[in-house]
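Student: If you read the sequences in order, they're chains A and B.
Going by my numbering, 192 is the number at position 192 of the first sequence; the sequence numbering is gapless.
Going by my numbering, 168 is the number at position 168 of the second sequence; the sequence numbering is gapless.
Partial selection, computed: residues in chain A whose CB lies under 7 Å from chain B:
no., residue
1, GLY55
2, GLU102
3, GLY103
4, THR105
5, ARG195
6, TYR199
7, SER201
8, GLY225
9, PHE226
10, GLY228
11, GLY245
Computed spacing ranges between beta-carbons, pair by pair:
no., chain 1, residue 1, chain 2, residue 2, range
12, B, ALA185, A, GLU60, 22 to 32 Å
13, A, TYR199, B, LYS81, 32 to 42 Å
14, B, GLU129, A, GLU97, 32 to 42 Å
15, A, GLY5, B, TRP175, 37 to 47 Å
16, B, ARG93, A, HIS69, 17 to 27 Å
Non-contacting residues of chain B with respect to chain A, defined by C-beta distances greater than 10 Å in every case (computed):
no., residue
17, THR55
18, GLY84
19, GLY110
20, PRO111
21, GLU129
22, LYS147
23, LEU150
24, ARG171
25, ALA174
26, ALA185
Because the hints were derived from the structure by calculation, they are not lab data.
The C-beta atom is built at its ideal place from N, Cα and C for all residues, glycine as well.
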Amino acid sequence: MRGAGRRWRILAAITLVALAGALAAATFAHRQGGASASPAALPGAAALPPPASSGLTIPEPRPLPDPAHTAVWAPVRRAVTATEHPRAASAEVARVEERTPEGTTNLVLVTGRATDAEGLAWVRARLPAPPGGATGWIPRDAVGGYMSVDTRLAVDRAAQTLTLTRGGRIVMTAPVGVGTAAAPTPAGEFYVRNRLTRYRSPAYGPIAFGTSARSPTLTDWPAGGFIGIHGTDQPRILPGRVSHGCIRLRNGDILRLAGLMPVGTPLTIV
Amino acid sequence: MRPGEVDLDAIDPSGAIAEAAHRVSRRAFLAGAAGAAAAATGLPAAALGQESHTTDVEILNFALTLEYLQAAFYTEAERLKALGTVPARAAKRIGAVERAHVTALQRALGPAATRGPLFDFQGATEDDEAFLRTAVAFEDLGTAAYKQQLTRISTPAYISAAASIHTVEARHAAWIRFIAGARPAVDALDDPISDGEAQRLVAGTGFTRPRPRTTARTPPPFTG
Numbered sequence: 001m002r003g004a005g006r007r008w009r010i011l012a013a014i015t016l017v018a019l020a021g022a023l024a025a026a027t028f029a030h031r032q033g034g035a036s037a038s039p040a041a042l043p044g045a046a047a048l049p050p051p052a053s054s055g056l057t058i059p060e061p062r063p064l065p066d067p068a069h070t071a072v073w074a075p076v077r078r079a080v081t082a083t084e085h086p087r088a089a090s091a092e093v094a095r096v097e098e099r100t101p102e103g104t105t106n107l108v109l110v111t112g113r114a115t116d117a118e119g120l121a122w123v124r125a126r127l128p129a130p131p132g133g134a135t136g137w138i139p140r141d142a143v144g145g146y147m148s149v150d151t152r153l154a155v156d157r158a159a160q161t162l163t164l165t166r167g168g169r170i171v172m173t174a175p176v177g178v179g180t181a182a183a184p185t186p187a188g189e190f191y192v193r194n195r196l197t198r199y200r201s202p203a204y205g206p207i208a209f210g211t212s213a214r215s216p217t218l219t220d221w222p223a224g225g226f227i228g229i230h231g232t233d234q235p236r237i238l239p240g241r242v243s244h245g246c247i248r249l250r251n252g253d254i255l256r257l258a259g260l261m262p263v264g265t266p267l268t269i270v
Numbered sequence: 001m002r003p004g005e006v007d008l009d010a011i012d013p014s015g016a017i018a019e020a021a022h023r024v025s026r027r028a029f030l031a032g033a034a035g036a037a038a039a040a041t042g043l044p045a046a047a048l049g050q051e052s053h054t055t056d057v058e059i060l061n062f063a064l065t066l067e068y069l070q071a072a073f074y075t076e077a078e079r080l081k082a083l084g085t086v087p088a089r090a091a092k093r094i095g096a097v098e099r100a101h102v103t104a105l106q107r108a109l110g111p112a113a114t115r116g117p118l119f120d121f122q123g124a125t126e127d128d129e130a131f132l133r134t135a136v137a138f139e140d141l142g143t144a145a146y147k148q149q150l151t152r153i154s155t156p157a158y159i160s161a162a163a164s165i166h167t168v169e170a171r172h173a174a175w176i177r178f179i180a181g182a183r184p185a186v187d188a189l190d191d192p193i194s195d196g197e198a199q200r201l202v203a204g205t206g207f208t209r210p211r212p213r214t215t216a217r218t219p220p221p222f223t224g
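Next comes chain A alone, as it looks inside the complex:
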């Protein structure tokens, strides 16, 4: 029985190959006979316009860039107290306000997520808290939609330089002024919170960025003593330890930075 079945399968295969060969031969003969490759128009058929080309050029789908260079931030929807652990009954870390002292929407850098025993979602956030920055947990519904950036800013206080990277590649470097010994620029992990423009204050140059970093010494400074990144009306003293903690750039450099760095960019100061 098994031998008979195998013989039928072989016979069927041979038949198929023969049919395919016959078909190919017929097609070849037809073409060799000088017949046109395109079928003849149907009798009486009206001439049709050419098919419309697509109005869109759809590129090849691409994966997301390396997540190692992506940071996520979220706007604060309501004032909340960050806690040490992702649960309500946990030690308080810092108060997170809805607005910054400049009146813009406050932001937090999101560095993790968790769900508590009651099923409530939490996010771990980098907070605007002294001295070297702080992290804490806040309820997911206290922040809004996630935004992402692939830029990172690094300030080296010893070298007095600023470096901006995008996707891990350096896109800008510049000399900077940093804080004096009496009012040092704090070291730590921070982030850019807002952008200030169209103000009249030559000492801050044309554009200023607010950060989550705060002065460790000027604790009674109005509006919280936050560190900014801004221009200057004294470019000749840069680079140097010349500021009250802020990171100062020459005005041409701050304008260049403004064209490259979005709000939410993580900031590392060493």
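Starting from the known structure of chain A, fit chain B onto it as the hints suggest.
Tutor: Same frame as chain A, but now just chain B:
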């Protein structure tokens, strides 16, 4: 979720995207109470509007808004890495395609392209069930919306383009439905979505938000 059905009540009403599909002209829309919200979110106000006021640009911008929504949804899901293996794989692959759709529409529209809104998916990208429920709603809506708009586009080249995207959206819809345990093909005919139904669906997302105000014209109060 019963096979073949989608729980649309799981998302809160907002209406921001619905403004883009409302059956009014852009001028009339901006004059209405809802205009303030649309202006804040920067969303177009056409696509399912009155025939005499709807242009190909407005229709493509409506399509672009839907693509922004889908691209942002899948991209966030992939970035947060909170989903299980199967939904995460779908988010990665579909997200790449939706981002390509965004790029194509932006290039075609050029300066007339609407700006992408800010989305707050309220955890729908961080939980398998919420993700699948939302993805099914998005893909069904996209499929039906493209089918509806195909009949309104006047430029043949854009009809062809919209049709090519439409079939891809339908494939996405079938795949996501399969993953979610719903029937990929519910009916024998895939009807276009009515204006009223489109409004209800998009208004139900609640996912669009005004962009946060991160700039100000105030003198810096920093330490200096």
